[in-house]
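Student: So you can see what is in the structure, the chains are spelled out below.
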Amino acid sequence: MTAAAKISVVGLDAWYGTHQVLRRINMAVQDRRVTAIIGPSGCGKSTFIRTLNRMHELVDGGIVKGQVLYDGEDIYDKSVDPVLLRRRVGMVFQKPNPFPTMSVRENVLAGLRLTSALKRSDADMVVERALRQAALWEEVKEVLDKPGSSLSGGQQQRLCIARALAVEPDVILMDEPCSALDPIATARIEDLIHSLKENYAIVIVTHNMQQAARVSDETGFFLMGELVEFSDTNKIFTSPKDQRTEEYITGKFG
Amino acid sequence: MTRHTDKEYEAELRDLRETILVMAGRCEEMIENSIRALVDRDSDLANKTIAADHTVNRDELRIDELCFLILAKRQPVASDLRFITQALKMANEMERISDLAVNISERALLLNKEPQLKPYIDVPRMKELVQKMVRNAIDAFVSGEVDKAYEVIKQDDEVDALYQAITRELLKVMTRDIEAVERGIHIQSVAKFLERMADHSENLAEQVIFMIKGKDVRNTDLPESDAS
Ligand SMILES: Nc1ncnc2c1ncn2[C@@H]1O[C@H](COP(=O)(O)OP(=O)(O)OP(=O)(O)O)[C@@H](O)[C@H]1O
Ligand SMILES: [Mg+2]
Chain A
1 MTAAAKISVV
11 GLDAWYGTHQ
21 VLRRINMAVQ
31 DRRVTAIIGP
41 SGCGKSTFIR
51 TLNRMHELVD
61 GGIVKGQVLY
71 DGEDIYDKSV
81 DPVLLRRRVG
91 MVFQKPNPFP
101 TMSVRENVLA
111 GLRLTSALKR
121 SDADMVVERA
131 LRQAALWEEV
141 KEVLDKPGSS
151 LSGGQQQRLC
161 IARALAVEPD
171 VILMDEPCSA
181 LDPIATARIE
191 DLIHSLKENY
201 AIVIVTHNMQ
211 QAARVSDETG
221 FFLMGELVEF
231 SDTNKIFTSP
241 KDQRTEEYIT
251 GKFG
Chain B
1 MTRHTDKEYE
11 AELRDLRETI
21 LVMAGRCEEM
31 IENSIRALVD
41 RDSDLANKTI
51 AADHTVNRDE
61 LRIDELCFLI
71 LAKRQPVASD
81 LRFITQALKM
91 ANEMERISDL
101 AVNISERALL
111 LNKEPQLKPY
121 IDVPRMKELV
131 QKMVRNAIDA
141 FVSGEVDKAY
151 EVIKQDDEVD
161 ALYQAITREL
171 LKVMTRDIEA
181 VERGIHIQSV
191 AKFLERMADH
201 SENLAEQVIF
211 MIKGKDVRNT
221 DLPESDAS
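First to last, the sequence lines map onto chains A and B. Positions 1 to 254 (our numbering) are the ones given, in order, by the first sequence. Positions 1 to 228 (our numbering) are the ones given, in order, by the second sequence.
Check before you lean on any hint, since a few could be wrong.
What the hints assert, rightly or not - Anything over 12 Å on all C-beta distances counts as not near chain B; from chain A, calculated:
no. : residue
1   : Val-143
2   : Asp-217
3   : Glu-246
4   : Glu-247
To be verified - Partner residues aside, some chain A positions facing chain B, computed with beta carbon under 7 Å:
no. : residue
5   : Phe-93
6   : Leu-112
7   : Asn-208
8   : Gln-210
9   : Pro-240
10  : Thr-250
11  : Gly-251
FYI, nobody ran anything at the bench for these hints, they're computed from the structure. Note that the structure is a prediction, hence the values are computed from the model and not measured. Positions of the beta carbon are idealized from the N, C-alpha and C atoms, including for glycine.
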């Protein structure tokens, strides 16, 4: 773990009630880098990234132990306001989930409206900037007042990314952001990840090995709640250290 | 060894592995026959060996095709990726070895037309070694026993020593007897071709080591036993 890590996870455990789903996780997420999380279904990937912005505790029975240091400060400290934390550490989900009754513009502003009042002119600026960052502006600038649900799946996912970006986070967590998208929309999101990486730390959960190999700098392989291997993505996909990683990424039975 | 969940993928890899083995077998046979054609003064065998090269070339094309298909369809990673990329290189090395067997056969045809200069002693020895090198490299490839591949790298030094000895001896003969020069040069070329086969076998071994261990040993001097 280096001092420069944006997020340092130290000895993290997580439970749903009495069911422990993460054990002794240690990991460093670097700033301006993409960290991929891979592993079989049910191994705890979604749970893990939800512990990084305190969303796990919103789930019934969700318990976390251990430390998550964000810029060196423990996010589970009593003094930390989880709502403010989630502005700094934004999240994009597997299924595009724009608020269906809200317009494109309102969707982008949804996160901000929760925390502050905005002047109309400022709001317009935020909307345009976030949509441009999400590589969606050109496609929707004429339809900002149409409902978010009228966009295509790939556009909706970028709208959700714009919504996450509008609050100006430091870190973006993405849980299988492309699993509902076609190859072109996927390529757009991946291209977007490449450009977002210049300003943010990104953590992405993906079931697509090639996607992890393409977009990330570091990759962590989870298995049954444990972090089996965490290393340079190039290393993981050419010569992983652990036999279990090897078997998983090459598609073999354990 | 654990298998791929996707049986068709598993079958494609098996097909590739078997094609490499078949090609290696043919390659070894060509080495054997090219030298036998020389030592036994059997020009028919030399011609047969030259003709066999065509089949080895076809093997190489087949291996290339299988690799390209797997790359396109499966996007292999980790040990699978190393296997595919090294298979491509191995097929190429084996094709070069068989070309050298053709070169030897051509010299055999020339030499067999002339009276024998001297009994062949070191040349068959060199051939034995080269064959052993190819076999060890392929055995390591099949079994995953990396030590066999390291063995090949050591054997290359023995081949080099034999090559030097043959060259020195031929020089002696040729400086004494001008009539011997032409045949001497042909025999020297045969030794040179064998020495180059050994170099290709060493490449094969390095490829197998990379495939097994994920460690590139090209241009490193001594094999470490197991550092990783
Ligand atoms: N809300 C919940 N209540 C109880 N158990 C849960 C809950 N969510 C997840 N789990 C359990 O926690 C474990 C880890 O689930 P998680 O969703 O983190 O896995 P995942 O790696 O994201 O899987 P997938 O790839 O299928 O999305 C699983 O055993 C799952 O059954
Ligand atoms: Mg999940």
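Student: Look at each hint and say if it fits the structure.
Tutor: Now for the hints, and whether the structure bears them out:
At the 12 Å boundary, the C-beta of A:Val-143 stays outside the reach of chain B, the nearest C-beta of that chain being 37 Å off. At the 12 Å boundary, the C-beta of A:Asp-217 stays outside the reach of chain B, the nearest C-beta of that chain being 16 Å off. The non-interface label for A:Glu-246 is inconsistent with chain B: the shortest C-beta to C-beta separation is roughly 5 Å, within 12 Å. At roughly 6 Å, the least C-beta separation between A:Glu-247 and chain B is not larger than 12 Å, which violates its mark as non-interface.
Against a cut-off of 7 Å between C-beta atoms, the interface hint on A:Phe-93 is violated, since the closest Cβ of chain B lies about 26 Å away. With a cut of 7 Å, the hint placing A:Leu-112 at the interface with chain B is violated, because the nearest CB-to-CB distance is about 40 Å. Taken as an interface hint, A:Asn-208 does not check out: its beta carbon lies about 10 Å from the nearest beta carbon of chain B, beyond 7 Å. For A:Gln-210, the suggested interface contact is upheld, since its CB lies about 5 Å from the closest CB of chain B, less than 7 Å.
Hint status for A:Pro-240: holds, given a least beta-carbon distance of 6 Å to chain B, under 7 Å. At about 5 Å, the closest approach between the beta carbon of A:Thr-250 and any beta carbon in chain B falls short of 7 Å, and the interface hint on this residue holds. A hinted interface residue such as A:Gly-251 counts as satisfied when its beta carbon comes closer than 7 Å to some beta carbon of chain B; here the least separation is about 5 Å, so the hint holds.
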